[in-house]
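Model the full structure from these sequences, guided by the hints.
The sequence shown maps to residues 1 to 259 in UniProt numbering.
Because the hints were derived from the structure by calculation, they are not lab data.
Cβ atoms here follow ideal geometry from the backbone N, Cα and C, with glycine treated the same way.
Heads up, some of the hints might be wrong.
Derived DMTMM-like pairs (lysine to aspartate or glutamate); straight-line CA-CA distance at most 20 angstroms [as the list claims (entries may be wrong)]:
#, residue 1, residue 2
1, K64, D122
2, K210, D130
3, K180, D141
4, K208, D72
5, K137, D202
6, K194, D141
7, K208, D130
8, K93, D78
9, K137, E250
10, K210, E221
11, K211, E67
12, K194, D82
13, K211, E221
14, K93, E242
15, K137, D72
16, K119, D130
17, K208, D122
18, K194, E221
19, K211, D78
20, K210, E67
21, K54, D141
22, K93, E250
Label-pair restraints from in silico Cβ distances [what the hints assert, rightly or not]:
#, residue 1, residue 2, range
23, A55, G86, 42 to 48 angstroms
24, L59, L237, 33 to 39 angstroms
25, D213, G97, 42 to 48 angstroms
26, D72, P50, 14 to 20 angstroms
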Amino acid sequence: MSTSRTPFICASCAARTLRSTTSKHTTRAFTTTTNQQLPSPDLPRWQQTPPRMKAPFRLRPMPKQPEWRVNDSQEAVDEVYDRFLGRVGEAAKDQTGLHGTRGRDLLPEEVKWLALTHKSHDHGRQGFNDRLANLGKRLVDLQTSLALLNASSGVSASYPLSDRNIFSHPAPDNVDNISKFSRSQILSVSRMAKLAQNYGIDRVVRWKPKKSDNLKGSGVETVLAHTVYSIVGAVALQRGGEVAQRMIRERILAPLGLR
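So, in structure tokens, the structure goes:
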């Protein structure tokens, strides 16, 4: 009577068999079971938050304060740009791609919204205006210094030769006006915020205050001044230095009492 024996398989044959068996199965990329919300192709970048930048649920509890809402009306934004820029667009009427000289015509739609968006809005996920404001601040500082340097000192232009003092001359008297202190007094945050409110920028700026029932304590003046500078930077990049210079002198420095 023959006894049954287990067939012997060497290690090398078993390894080859295992490799041939596993190679028949197709590899599949790692997937998750959560539904991914795709961005809508019909909405521009500034109107939606990228889905991959959102958490699936909120970690912190909702604050006990009134709900804060921002402007989403394009017409309101256009009206503010018309009021703020005034007739500055006449300096850019010969530029290509410009369909009008109103304030709303100087910037494309995306740039207009970007210049009005603070980094506190939606945690900066829809873009923000920090770089535009940095450029605009430098330009406003330059034009302010030039205006202070050219300001009339009240000294008579006539300079009699008989009374001439070779150690003193009225020409460099205005150099002392361009100090950092003088410029900071003219371009103070409170004055720039008041100017922004006069143009209605506070009604269209997109930001998120820390406390919606205490805007001043949340830094609304700093945000408004920041927004004014960002609009200057946007106009300078889009329409050039000549248009930006006219805008600064006519729409910012002149209302502040500096001509």
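Structure-based check of each hint:
Restraint check for K64 and D122: satisfied, since their Cα atoms lie roughly 18 angstroms apart, inside the 20 angstroms limit. Under the criterion of a C-alpha separation no larger than 20 angstroms, the hint pairing K210 with D130 is consistent with the structure, at around 19 angstroms. For the proposed pair K180 and D141, the alpha carbon gap of about 10 angstroms is at most 20 angstroms, so the pair holds. At most 20 angstroms may separate the alpha-carbon atoms for a hinted pair to count; K208 and D72 meet this at roughly 14 angstroms.
With a C-alpha separation of about 19 angstroms, the suggested pairing of K137 with D202 holds against the 20 angstroms cut-off. At most 20 angstroms may separate the alpha-carbon atoms for a hinted pair to count; K194 and D141 meet this at roughly 18 angstroms. A distance of roughly 15 angstroms separates the Cα atoms of K208 and D130; the hinted pair therefore holds under the 20 angstroms criterion. Proposed proximity of K93 and D78 is supported: the alpha carbons are some 18 angstroms apart, at most 20 angstroms.
A threshold of 20 angstroms between alpha carbons decides the hint, and for K137 with E250 the separation of about 16 angstroms falls inside it, so the pair holds. Distance check on the hinted pair: K210 and E221 sit about 13 angstroms apart at the alpha-carbon level, within 20 angstroms; holds. Simply put, K211 and E67 have alpha-carbon atoms about 10 angstroms apart, close enough for the 20 angstroms limit, and the pair holds. Our distance criterion of 20 angstroms between C-alpha atoms is met by K194 and D82, whose separation comes to about 18 angstroms.
A distance of roughly 14 angstroms separates the Cα atoms of K211 and E221; the hinted pair therefore holds under the 20 angstroms criterion. About 12 angstroms separates the Cα atoms of K93 and E242, which keeps this hinted pair within 20 angstroms; it holds. Restraint check: the Cα-Cα separation between K137 and D72 comes to about 26 angstroms, which exceeds 20 angstroms; the hinted pair is violated. A C-alpha spacing of about 7 angstroms is found between K119 and D130, which places the hinted pair at or below 20 angstroms, so the restraint holds.
A C-alpha spacing of about 8 angstroms is found between K208 and D122, which places the hinted pair at or below 20 angstroms, so the restraint holds. Between K194 and E221, the direct Cα distance comes to roughly 8 angstroms. Compliance with the 20 angstroms bound is thereby established for this hinted pair. With a C-alpha separation of about 28 angstroms, the suggested pair K211 and D78 falls outside the 20 angstroms cut-off, and the hint is violated. Using a Cα cut-off of 20 angstroms, the hinted pair K210 and E67 holds, with the two alpha carbons roughly 11 angstroms apart.
Between K54 and D141, the direct Cα distance comes to roughly 38 angstroms. Violation of the 20 angstroms bound is thereby established for this hinted pair. In summary, the hint linking K93 to E250 is supported, as the alpha carbons are separated by about 17 angstroms, within the 20 angstroms threshold. A C-beta distance of roughly 43 angstroms is found between A55 and G86, which places it inside the suggested range of 42 to 48 angstroms. Remark: the range hint 33 to 39 angstroms for L59 to L237 is upheld by a beta-carbon distance near 38 angstroms.
Against the hinted window of 42 to 48 angstroms, the Cβ-Cβ separation of D213 and G97 comes to about 44 angstroms, which satisfies the hint. D72 and P50 have their C-beta atoms about 18 angstroms apart, which keeps the hinted 14 to 20 angstroms range intact.
Violated hints, in rising order: 15, 19 and 21; the structure is consistent with all others.
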